[in-house]
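**Q** Position chain B against the provided structure of chain U, taking the given hints into account.
Just so you know, the protein sequences line up as chains U and B, in that order.
Going by the working numbering, the first residue of the first sequence is number 819, and it counts up by one from there.
Going by the working numbering, the first residue of the second sequence is number 819, and it counts up by one from there.
It cannot be assumed that every hint is accurate.
The list treats identical chains as interchangeable, and a pair is accepted whether it falls inside one copy or across any two copies.
[What the hints assert, rightly or not] Capping the alpha-carbon separation at 30 Å, the derived lysine-lysine pairs in BS3-like fashion look like this:
id: 1; residue 1: Lys948; residue 2: Lys998
id: 2; residue 1: Lys998; residue 2: Lys1111
id: 3; residue 1: Lys861; residue 2: Lys872
id: 4; residue 1: Lys968; residue 2: Lys1113
id: 5; residue 1: Lys1016; residue 2: Lys1098
id: 6; residue 1: Lys999; residue 2: Lys1035
id: 7; residue 1: Lys1098; residue 2: Lys1039
id: 8; residue 1: Lys1016; residue 2: Lys1087
id: 9; residue 1: Lys1120; residue 2: Lys1098
id: 10; residue 1: Lys1098; residue 2: Lys998
id: 11; residue 1: Lys1111; residue 2: Lys1053
id: 12; residue 1: Lys1087; residue 2: Lys857
id: 13; residue 1: Lys1030; residue 2: Lys948
id: 14; residue 1: Lys1111; residue 2: Lys968
id: 15; residue 1: Lys857; residue 2: Lys948
id: 16; residue 1: Lys852; residue 2: Lys821
id: 17; residue 1: Lys1053; residue 2: Lys999
id: 18; residue 1: Lys872; residue 2: Lys1035
id: 19; residue 1: Lys1024; residue 2: Lys1035
id: 20; residue 1: Lys1098; residue 2: Lys968
id: 21; residue 1: Lys872; residue 2: Lys1111
id: 22; residue 1: Lys1120; residue 2: Lys999
These are computed hints drawn from the structure, not numbers from a lab.
Small disclaimer: the values here were computed from a predicted structure and weren't measured.
2 protein chains.
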Amino acid sequence: MEKPYVLGLDMGGTNSVLGIVDARGHVLARTSIKTQEYKEIDKYVDALYNEAMKIIDSVGGIDLIRGIGAGTPNGNYYTGWIDGAMNLPWPRVPFAELMSKKFGVPCKLTNDANAAAMGEMTYGAARGMKNFIMITLGTGVGSGIVIDGKMVYGHDGFAGELGHTCADRSPLARQCNCGKKGCLETYCSANGVARTAKEIISTTTKETMLRKLDVDKITSKDVFDAAEAGDEVAKEIFDYTGTILGRSLADFVAFSAPEAIVLFGGLTKSGHWIMDPVVKALNDNVLPLWRDKVKVMFSDLKESDAAVLGASALAWE
Amino acid sequence: MEKPYVLGLDMGGTNSVLGIVDARGHVLARTSIKTQEYKEIDKYVDALYNEAMKIIDSVGGIDLIRGIGAGTPNGNYYTGWIDGAMNLPWPRVPFAELMSKKFGVPCKLTNDANAAAMGEMTYGAARGMKNFIMITLGTGVGSGIVIDGKMVYGHDGFAGELGHTCADRSPLARQCNCGKKGCLETYCSANGVARTAKEIISTTTKETMLRKLDVDKITSKDVFDAAEAGDEVAKEIFDYTGTILGRSLADFVAFSAPEAIVLFGGLTKSGHWIMDPVVKALNDNVLPLWRDKVKVMFSDLKESDAAVLGASALAWE
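This is chain U alone, in the form it adopts within the complex (with noise of 0.2 Å):
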């Protein structure tokens, strides 16, 4: 008999957490541990396998599992190891090997944008969709790409890390945590809404409801809510942002011509406020032969399955 369902795990710096999925990707039980509990890496998988078989008992035991499919930060789907993820307790771990061996089922790999597009892919906006790009508007900016229906992996499998191109090749250009200037991320994630609103109320004297916060602690969230009541500052800023991920999104289209590019995480909770400026900055700076062509589009995901479900797409492989 067929193996009916696989394993997602959704590695986050926080959170890790665990569903089996069947193979329309409905969620069949679900659960999770705190990432940083475990300082060594044996531990975590221990503590993972523990976890995981109280659910995996629940649909009827490891015998029903296919595989796993797991999306972690700097996850290498060629290697299966974790490289360089400065946010985990193991920067660098043979994880897809170590869970592996623990559950006695195969593992497989990717970074967690990866996974999200698969996800999509799978079972979200993109399904069908043979060429599409999905950008990840979080902490930071991430990204998956498809291409000929199959994901991007590249040379090293580092592909995709659409977050570090340049947007502004000014000498004004933001500094980015990665060292460079001017990436992308550092305009258009939640932490990039928050700097642009700082800026704004600092070295203007624009009148807006966002002087009343503690300008180190503005959150998009709280820009959307400003823009819903009619701030025009909070508005200006989602233009700014929307502007600069728009004209960077046509650069994309140049490189893959994909059909849409699907936008995912919690800078999508703004709406219209986001994807007015986006789809006008594309349409501005696409060439001609794709002006009004490409959709762009957000996740239609629940944020809470997507990686869970994208993961877990890679065990059907």
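**A** Just chain B, lined up with the frame of chain U:
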């Protein structure tokens, strides 16, 4: 018996070059016609046929020809149409179908930069590579992208327009023929180099032997000759051009994580004058994980053969 030869066509705005190619990439015979002499597509195809039959007969006749591969301006691999080629007398025609009917063998089409990349992958510097990006530095800047051993055509067949990604988002960015501003090709094509030379000569008082030339007729060859003779302004022009190209290449690396970038076309004749600043800017602008890891190389195909070879490679598919 397997048919041992294919016919390759490199259609340029000026010349259309035909070659008979064997499976090892030897051009057994070649000929050409003047593209612009035929104002109607049927007359052009007739002329190609008459000319091609001479070399086809010289190798044993049409029964030995497996198919035709054509690289053309704006050639679309999916549809077989030339679509929007403003430098041809027939900007929109179903070229593959017309050729296939006339010759009685299958014809496949792609754009000229993709053809060059196919040639490089099949017979040139990128032989054996599964992930590379070919950048053609000619009158304009073109590109052909190979991922996982396959040409990237994208959703609509027009992927790989990297010459029209944005190299400069400042208000002073150069105007491109495509209608956009700041496109890479306004800086890094042969025309771009000439434009840079003209700018430096007309806006500075720097001493340079380039001043002795007609400022509207300076070519990249003139700049190369001056650099070789020790001219500091000529070196500055290559540094400027190469730095802009290298920065953009860094963004392309973040997209598809290629093993190598292959540079092709007239500007590569400037050798280390262009290569050195390209490599420096690339490594200054990639994420640390790619620093000094992505090869940058010049094409090692004869320029006269590369496009014919690349186009012909399509016919083996």
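**Q** All the hints need checking, so say for each whether the structure fits it.
**A** The hints, checked one at a time:
1. Lys948 <-> Lys998: between (32 Å within a copy, 28 Å between copies)
2. Lys998 <-> Lys1111: Classified as between: cross-chain Cα gap 17 Å, same-chain 33 Å, threshold 30 Å.
3. Lys861 <-> Lys872: For lysine 861 and lysine 872, the Cα distance is within 30 Å only inside one copy (17 Å; across copies 75 Å).
4. Lys968 <-> Lys1113: both (19 Å within a copy, 24 Å between copies)
5. Lys1016 <-> Lys1098: within (25 Å within a copy, 35 Å between copies)
6. Lys999 <-> Lys1035: within (23 Å within a copy, 37 Å between copies)
7. Lys1098 <-> Lys1039: Only inside one copy: lysine 1098 and lysine 1039 sit 22 Å apart there, 41 Å across copies, limit 30 Å.
8. Lys1016 <-> Lys1087: within (20 Å within a copy, 49 Å between copies)
9. Lys1120 <-> Lys1098: Answer is within; shortest intra-copy Cα gap is 26 Å, inter-copy 43 Å.
10. Lys1098 <-> Lys998: This pair counts as both: shortest intra-copy Cα distance 27 Å, inter-copy 14 Å.
11. Lys1111 <-> Lys1053: within (26 Å within a copy, 42 Å between copies)
12. Lys1087 <-> Lys857: neither (34 Å within a copy, 55 Å between copies)
13. Lys1030 <-> Lys948: neither (47 Å within a copy, 55 Å between copies)
14. Lys1111 <-> Lys968: Both ways: lysine 1111 and lysine 968 sit 22 Å apart in one copy and 24 Å across, limit 30 Å.
15. Lys857 <-> Lys948: neither (40 Å within a copy, 38 Å between copies)
16. Lys852 <-> Lys821: within (29 Å within a copy, 63 Å between copies)
17. Lys1053 <-> Lys999: Answer is both; intra-copy 25 Å and inter-copy 26 Å each pass.
18. Lys872 <-> Lys1035: neither (39 Å within a copy, 76 Å between copies)
19. Lys1024 <-> Lys1035: Result: close within a single copy only, 19 Å intra versus 51 Å inter.
20. Lys1098 <-> Lys968: within (29 Å within a copy, 32 Å between copies)
21. Lys872 <-> Lys1111: neither (48 Å within a copy, 44 Å between copies)
22. Lys1120 <-> Lys999: Neither, since 33 Å and 39 Å both go past 30 Å.
Hint compliance for this structure: hints 12, 13, 15, 18, 21, 22 are not met, and every other hint is.
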